[in-house]
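J.: Construct all of the structure, not just a fragment, from the sequences and the given hints.
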Amino acid sequence: MAAPKVAVVGAGVIGLSTALCITETCPSCSVTVLSDQFSPNTTSDVAAGMLIPHTYPGTPIHVQKQWFKETFTYLFAISNSAEASEAGIHLVSGWQVFKNSPKDELPFWSDVVLGFRVMSKAELQKFPQHQFGHAFTTLKCDCPPYLLWLEKRLKANGVQIYTRKVADLWDLHREYDVVVNCTGIGACQLVGDKKLFPVRGQVLKVHAPWVKNFIRDGDGLTYIYPGIHRVTLGGTREKENWSLAPDPGTTKDIFDRCCSLEPSLWGAQDIKVKVGLRPSRQHVRLQKEVLNQGGVKLPVVHNYGHGAGGFSVHRGTAKEAAFLVGECIAALQGSSSRAKL
Amino acid sequence: MRVAIIGAGVIGLSTALCIHEQYHGLVPSLEMEVYADRYTPHTTSDGAAGLWQPYLSDHGNLQETLWNKETFDYLLGHLGSAAAKEMGLFLISGYNLFTQPVPDPSWKNIVLGFRNLTPKELELFPGYSYGWFNTALMLECRSYLPWLTNRLTQRGVKFFHKKVESFQEVFAQGAEVVINCTGMRAGELQPDPELQPGRGQVIKVLAPWVKHFIITHDSKSDIYNSPYIIPGSEFTVLGGIYQHGNWNEENSAQDHKTIWENCCRLLPTLQKAKIVQEWSGLRPARPCVRLERETLRHGHSQAEVIHNYGHGGFGITIHWGCAMAAARLFGSILQEKKLASPPQPRL
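The listed protein sequences derive, respectively, from chains A and B. Counting from 1, position 83 in the first sequence corresponds to residue 83 in this note's numbering; the numbering is continuous, with no gaps. Counting from 1, position 199 in the second sequence corresponds to residue 199 in this note's numbering; the numbering is continuous, with no gaps.
These aren't lab readings, by the way, just hints derived from the structure by calculation. Possibly wrong hints are sitting among the right ones.
[Stated by the list, open to error] Distance condition first, Cα-Cα at most 27 Å in a straight line; then the derived DSSO-like pairs of lysine-lysine: (1) A/Lys239 with A/Lys99; (2) B/Lys204 with B/Lys257; (3) B/Lys257 with A/Lys152; (4) B/Lys69 with A/Lys205; (5) A/Lys205 with A/Lys272; (6) A/Lys288 with A/Lys272; (7) A/Lys288 with A/Lys195; (8) B/Lys120 with A/Lys69; (9) A/Lys152 with B/Lys272; (10) A/Lys195 with A/Lys205; (11) B/Lys120 with A/Lys121; (12) B/Lys272 with A/Lys205; (13) A/Lys288 with A/Lys194; (14) A/Lys121 with B/Lys272; (15) B/Lys338 with A/Lys121; (16) A/Lys155 with B/Lys272; (17) A/Lys65 with B/Lys158; (18) A/Lys274 with A/Lys165; (19) A/Lys252 with A/Lys99; (20) A/Lys152 with A/Lys194; (21) B/Lys120 with A/Lys205; (22) A/Lys69 with A/Lys165; (23) A/Lys152 with A/Lys252; (24) A/Lys252 with A/Lys205; (25) A/Lys103 with A/Lys239.
T.: Written out as structure tokens, the structure reads:
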């Protein structure tokens, strides 16, 4: 078989990191990225990119932890290198505070992030409405820089990137040997996945460069994440809401909630409002499927449905998807050599 | 009653405000004036990054440790206020790095969340085998000094751009109490061989991805002679120069090279940072802060001087505790002059 041709559909953090992993595990592959949207217009661009995992109810914890650990280790090495600023990767410390003590004192990822510990009484005084908290240091992937850096790495590895709206995965069967589906919320329409649903998130990206620490309410709804140039204030979790239009009432509500956690934010300037639809699912769909029409087969690897946790596990799931792509190629090569007999 | 403050750095302006806040109500005739030949942004304070952190050892100066704590607690109390941003005040976390284990500092319980670094964190800093993590405060003087100036102006304090040549000169104009906050140049008003320059040089860069301070320590050299990186609200300050006895306020190319190479080795990503400014200044170093009264003869009468100088590289860290102590000395002067009784508890 000539150089296997792999198409990755989707150019958010999942699509680009999956494409990169494929070039690393299968250097002989010819990889192409196809997407109708690129940074700064992907769902990933709206997210703050904080490495704080979301727990998927349908996936064993040890698997999620492995994904997170791989992602953290990978980004930690970049943050420690001269490329960190270009890649948009930086360390950030802060607090996760709870109004009521959580039932699990230690989240599964507490030994992956740095310096995780319970907050002291003195630290909690800054948050009079909260009883309990965690302090730790983690990583943040700023977008667009991270996505642009991934694109640069892909091009250096010979990957072609095209703007193209793929309406049906089967359309790709003639040009490509394997298709990787990283379409995020787009998979609802593309493959008709009824288990996938949007969880709408509205955020504010503000100029407040004196905010150096992150603050997150343990309920996951209110958070302050300082990025390279802007601080992301959030947020909302609106299930089955497909609207990408910013809601002014929500903007005011987010701002008020964040200011009550960090009063200095009243002085924040240049507020930009963004909306993203988290591609949510009980568990990430990370599996092979063989599409079959009239005896012609097209292997597909799905890698979508990361919901609120895309950045936290992106590298781990990308590696697993690349492995599955390797399996598809091996199967194709096996069957093509059988065909020669 | 006329009070003259000489010096408009962080010490002069905060002492002025502290005294005015406490005593203006008790002494309605209080008239306060500030004299300085350098105002923000040209004071020594303006060159400092603004990180609240005392030296590692207090050398037995327990009073200074108390003043440091008073300052931290005072600033922490202002964090949640609307004034914080205008003051240039914000929380910041970061790292102190060592090549060998060291005892915990006197200020470990003053800052927030003090702990040792984990092995994984130390992987970030090759060459360093031990360290601390804590959350402290930044107080940027390019915002704080204008904020203090505004508060003082609102209170009717007058400012004069003038180099004072002697205490007598100020007494002759009618000042009964002079507060001497002249920092490095206190020796020009009254010789003080214990006051020596601790020359520093810094490079200000644009590196907004740096969110933590990183301060290294070298057991073989003095404080601040080892690289440090301190991110401010707009610029990140790179430093690591402390030259005792060097009066030169000009930037040195050799020092620039030292700072740049050492800081880039510490944080490789800084190589991409854009250099915006270079600055040198003289830390007013002294074995201990001079904070005391002195009665000087002026013609047939006496006049009082309160000295408040010699804060070395920790002026911002200690400023409010010293301002309060100077205010107490002022209060005792008032008592002696029977101009005010100390605040009585309400019966």
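J.: Compare the structure with the hints numbered earlier in the document and write down the numbers of the violated ones, lowest to highest.
T.: 3, 4, 6, 10, 14, 15, 17, 20, 21, 22 and 23
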